[in-house]
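Protein chains in written order, with this note's numbering: chain A, 1 to 320; chain B, 1 to 320.
Hint data in this document are derived by calculation from the structure and do not stem from the laboratory. Hints may contain errors.
[Claimed, not checked] Some chain A residues close to chain B (C-beta under 7 Å, calculated; not the full set): (1) GLY47; (2) LEU104; (3) LEU250; (4) ALA254.
[Unchecked claim] Not the full set, but computed from the structure, chain B residues with beta-carbon under 10 Å of chain A: (5) LEU87; (6) ASP99; (7) GLN218.
Cβ coordinates follow ideal geometry from the N, Cα and C atoms, glycine included.
Protein chains: 2
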Amino acid sequence: MDDLHGCVLALTGGVGGAKLALGLADVLAPGQLHLLVNTSDDFEHLGLSISPDLDTALYTLAGVADTTQGWGLAGETWNTLQALERLGGDTWFRLGDRDIATHLWRTQQLAAGRSLSEVGAALAQRLGVASHIHPMTDDRVRTVVHTASHDLSFQQYFVRDRCAPAVTGFSFEGIASARFNSAVGDALRAGVFSRIVVCPSNPYVSVDPILQLPDLWQALRDSAIPVVAVSPIVAGMALKGPAAKMMSELGVPATALAVAQHYGQRYPGLLDCFVIDHSDAPLAGEIGRLGMAVAVTSTVMQQRQDKRRLARFVVREALA
Amino acid sequence: MDDLHGCVLALTGGVGGAKLALGLADVLAPGQLHLLVNTSDDFEHLGLSISPDLDTALYTLAGVADTTQGWGLAGETWNTLQALERLGGDTWFRLGDRDIATHLWRTQQLAAGRSLSEVGAALAQRLGVASHIHPMTDDRVRTVVHTASHDLSFQQYFVRDRCAPAVTGFSFEGIASARFNSAVGDALRAGVFSRIVVCPSNPYVSVDPILQLPDLWQALRDSAIPVVAVSPIVAGMALKGPAAKMMSELGVPATALAVAQHYGQRYPGLLDCFVIDHSDAPLAGEIGRLGMAVAVTSTVMQQRQDKRRLARFVVREALA
Numbered sequence: 001m002d003d004l005h006g007c008v009l010a011l012t013g014g015v016g017g018a019k020l021a022l023g024l025a026d027v028l029a030p031g032q033l034h035l036l037v038n039t040s041d042d043f044e045h046l047g048l049s050i051s052p053d054l055d056t057a058l059y060t061l062a063g064v065a066d067t068t069q070g071w072g073l074a075g076e077t078w079n080t081l082q083a084l085e086r087l088g089g090d091t092w093f094r095l096g097d098r099d100i101a102t103h104l105w106r107t108q109q110l111a112a113g114r115s116l117s118e119v120g121a122a123l124a125q126r127l128g129v130a131s132h133i134h135p136m137t138d139d140r141v142r143t144v145v146h147t148a149s150h151d152l153s154f155q156q157y158f159v160r161d162r163c164a165p166a167v168t169g170f171s172f173e174g175i176a177s178a179r180f181n182s183a184v185g186d187a188l189r190a191g192v193f194s195r196i197v198v199c200p201s202n203p204y205v206s207v208d209p210i211l212q213l214p215d216l217w218q219a220l221r222d223s224a225i226p227v228v229a230v231s232p233i234v235a236g237m238a239l240k241g242p243a244a245k246m247m248s249e250l251g252v253p254a255t256a257l258a259v260a261q262h263y264g265q266r267y268p269g270l271l272d273c274f275v276i277d278h279s280d281a282p283l284a285g286e287i288g289r290l291g292m293a294v295a296v297t298s299t300v301m302q303q304r305q306d307k308r309r310l311a312r313f314v315v316r317e318a319l320a
Numbered sequence: 001m002d003d004l005h006g007c008v009l010a011l012t013g014g015v016g017g018a019k020l021a022l023g024l025a026d027v028l029a030p031g032q033l034h035l036l037v038n039t040s041d042d043f044e045h046l047g048l049s050i051s052p053d054l055d056t057a058l059y060t061l062a063g064v065a066d067t068t069q070g071w072g073l074a075g076e077t078w079n080t081l082q083a084l085e086r087l088g089g090d091t092w093f094r095l096g097d098r099d100i101a102t103h104l105w106r107t108q109q110l111a112a113g114r115s116l117s118e119v120g121a122a123l124a125q126r127l128g129v130a131s132h133i134h135p136m137t138d139d140r141v142r143t144v145v146h147t148a149s150h151d152l153s154f155q156q157y158f159v160r161d162r163c164a165p166a167v168t169g170f171s172f173e174g175i176a177s178a179r180f181n182s183a184v185g186d187a188l189r190a191g192v193f194s195r196i197v198v199c200p201s202n203p204y205v206s207v208d209p210i211l212q213l214p215d216l217w218q219a220l221r222d223s224a225i226p227v228v229a230v231s232p233i234v235a236g237m238a239l240k241g242p243a244a245k246m247m248s249e250l251g252v253p254a255t256a257l258a259v260a261q262h263y264g265q266r267y268p269g270l271l272d273c274f275v276i277d278h279s280d281a282p283l284a285g286e287i288g289r290l291g292m293a294v295a296v297t298s299t300v301m302q303q304r305q306d307k308r309r310l311a312r313f314v315v316r317e318a319l320a
């Protein structure tokens, strides 16, 4: 970017956010992108410490993600899982053979006392990723999905039960005492970032757990860095995942406006600009009255060039 | 076996012993073979609880072992390990993708509080093995390989260092307080076994850790069940593995006689019969003077029929 000085901090969850993250990595100078990634859907499974959103960011930026399937590694094989099925083991979480290597390595490193941040930095370096992929925290935060009848862990809800249960709300175990990523905190205070981007990730289960880290919210309120969010809802549909279904179950219209209202109410004053798709242009006036600028562009990212174009828009034009 | 009543208990280590175990499983009625398997070369690697000798027995009796390579599973793939190598992880212990499923499952079950015995029984049941594969103990025993300059764990010595260091001796951490397998103990006291077979496994690192379990040695001394051992050394060479090399490093001639002397000195009165190969027939007289019967047959097991023939010999003819 010839006219963007400084680094960009992007808050992201899984696949939807990683698309914009890839665009940002493409259009920024190497090393200028810092991702702050949701870890509240991390979990322990088969004795492995699994960080789905960190791995989605890692695999996407390393160019090894399976973009057809939408998750996991390209060219993946499933021999361990098949053998585990024969043994009667849990196979609802689809772990590919190569993906298991990541989990084995992370689990071993964590057991040896390294932090999730250190492990993530080493993984990125080993896969040749120049961008910085930071877990939102090195502390343990876990999303609890509430339904009318029972609570579920996030992966039980998301993968095992395929988002079928109607949700009534979410909570984030451990968040009150979790401290947000210290390297990002240092960079924030040092004025490294010229822009903060909230990727088009799920507001409830990807972005909320990041923004509700008490000291992150404090730091962002104290900061004057422009914050731009991209709506994950386009024309009443989620770009990826269960966001629209969740909104409807929570009694909220599945619209870009409702996402803007959610951010405006939970994080007053945070967003300087809300980016919506052309198809949602009629909502611009009402979103504007929430006290944030509105920018309209094409936000659906199918091709690599779509990702780059939206990335350029978000860091250069949205607040121009 | 038309003329063998009761079950057979076979003490075994890894690949060499598993060959005879397979023959025994073939010639005995289903469920009549009980293996008591060395667990002192178990180890924790990449966060996985790995039991190499139990798995060799399991895979061999389930008919899924890689008999060409001599270890692991037939038709195995190596995608996890390749990916782990890319991450800079430890890859000296060759874990195949399907094999990893066994370790993941065992590790998860042990973490959930099940014993190694319970896990092993479940694995055998799931792989359709009618024989009983018992770990020698549910307690933690670990072989330490001593060399002139340093100590090594067994797998460091055996796999990582390819048995290159010259050994000066062995010790078995935890053995003094370990109790031998309780199900086998109950069966011994109940008179279930009509014969005990010491498979042609490594005397120092496979059989010794089993026989040196204090309460097992006590139980065998108190028992009148005939004990037959098969020499793992044939014509001065080990059938499999580093036994001959170890003997030479320990200053012992690598002969069937020296094996018989080792057993005779360490476990006086234990062996009723020592089985040697035709090529070692000249040693029969001297072995007989150690106070045990000597039986001579073909002990090299290349084909399945060799295993069955030796198994028949050991349980039927050796003490006839």
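Going through the earlier hints one by one, which of them does the structure break, listed in rising order? Hints 3, 4 and 7 are the ones this structure does not satisfy, whereas the remaining hints hold.
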